[in-house]
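Q: Work the whole structure out from these sequences, hints included.
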Amino acid sequence: MCSGKGLLVTAATPEVDAFTRTYWEAAAEGRLLIRHCDGCDRPHHYPREFCPYCWSEDVRWREASGRATLYTWSVVHRNDLPPFGERVPYVAAVVDLAEGPRMMTEVVGCGESALRIGMDLCVTFRPEPGAEAPAIPVFTPVAPAAGG
Numbered sequence: 153m154c155s156g157k158g159l160l161v162t163a164a165t166p167e168v169d170a171f172t173r174t175y176w177e178a179a180a181e182g183r184l185l186i187r188h189c190d191g192c193d194r195p196h197h198y199p200r201e202f203c204p205y206c207w208s209e210d211v212r213w214r215e216a217s218g219r220a221t222l223y224t225w226s227v228v229h230r231n232d233l234p235p236f237g238e239r240v241p242y243v244a245a246v247v248d249l250a251e252g253p254r255m256m257t258e259v260v261g262c263g264e265s266a267l268r269i270g271m272d273l274c275v276t277f278r279p280e281p282g283a284e285a286p287a288i289p290v291f292t293p294v295a296p297a298a299g300g
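If you read the sequence shown in our numbering, its first letter stands for residue 153, the second for the next number, and so on.
Incorrect hints may have been included.
What the hints assert, rightly or not - Pair by pair, the computed Cβ-Cβ distance ranges are:
1) GLU167 to SER226: 22 to 32 angstroms
2) CYS206 to ARG239: 36 to 46 angstroms
3) GLY237 to THR172: 20 to 30 angstroms
4) GLY263 to ARG173: 34 to 44 angstroms
5) GLY191 to HIS229: 38 to 48 angstroms
6) HIS229 to SER208: 36 to 46 angstroms
7) PRO234 to TYR205: 28 to 38 angstroms
8) ASP193 to THR172: 21 to 31 angstroms
9) GLU238 to GLU181: 21 to 31 angstroms
10) TYR205 to PRO235: 28 to 38 angstroms
Simulated from the structure, these hints should not be mistaken for lab results.
Please read these numbers as outputs of a predicted model, since none were measured by experiment.
Positions of the beta carbon are idealized from the N, C-alpha and C atoms, including for glycine.
A: In structure tokens form, the structure reads like this:
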């Protein structure tokens, strides 16, 4: 699994419920989960209790590789909603996970001028303040291979 060190940045804290608890517990362990349908053999994200392709309820959690490519992004320079205003500018992005689904996220550890459609990314988990706060999956560029 692709994994990195989380960068501490303030963010809104998602609400954990009975259905998403598995997802957030895995994130706290540095693992990204996606849902996979056993009915049509397709992965999907965002997590839901049914398959958005065939409507089957025969869906399971599966660990994703953590690899993705950048599909699109926007640099947010102004956001008046707390706590986002404290961290502008930031890169809001959509990535294509290696497993297929697209995921809305944030790209960290990369200057705006270095962003490129199709660039290889790797999941990392940003810890959130507070004992009950989940770690948030964000993406960072994959370091180029030595000598390459």
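Q: All the hints need checking, so say for each whether the structure fits it.
A: Each hint, compared with the structure:
1. Our hint of 22 to 32 angstroms for GLU167 and SER226 holds, since their Cβ atoms are close to 25 angstroms apart.
2. The given range of 36 to 46 angstroms is respected by CYS206 and ARG239, whose C-beta atoms sit roughly 39 angstroms from each other.
3. For the pair GLY237 and THR172, the supplied restraint of 20 to 30 angstroms holds, since their beta-carbon distance comes to about 26 angstroms.
4. Remark: the range hint 34 to 44 angstroms for GLY263 to ARG173 is upheld by a beta-carbon distance near 36 angstroms.
5. The hint said 38 to 48 angstroms for the Cβ distance between GLY191 and HIS229, and at roughly 43 angstroms that hint holds.
6. Range check, HIS229 to SER208: Cβ separation about 42 angstroms, and the 36 to 46 angstroms hint holds.
7. Separation of PRO234 from TYR205 is about 37 angstroms and conforms to the stated range, judged on CB atoms against 28 to 38 angstroms.
8. At about 23 angstroms, the beta-carbon gap between ASP193 and THR172 stays in the expected band of 21 to 31 angstroms.
9. At about 27 angstroms, the CB distance of GLU238 to GLU181 agrees with the hint of 21 to 31 angstroms.
10. Checked against the hint of 28 to 38 angstroms, the C-beta distance between TYR205 and PRO235 comes to roughly 35 angstroms, which is consistent with it.
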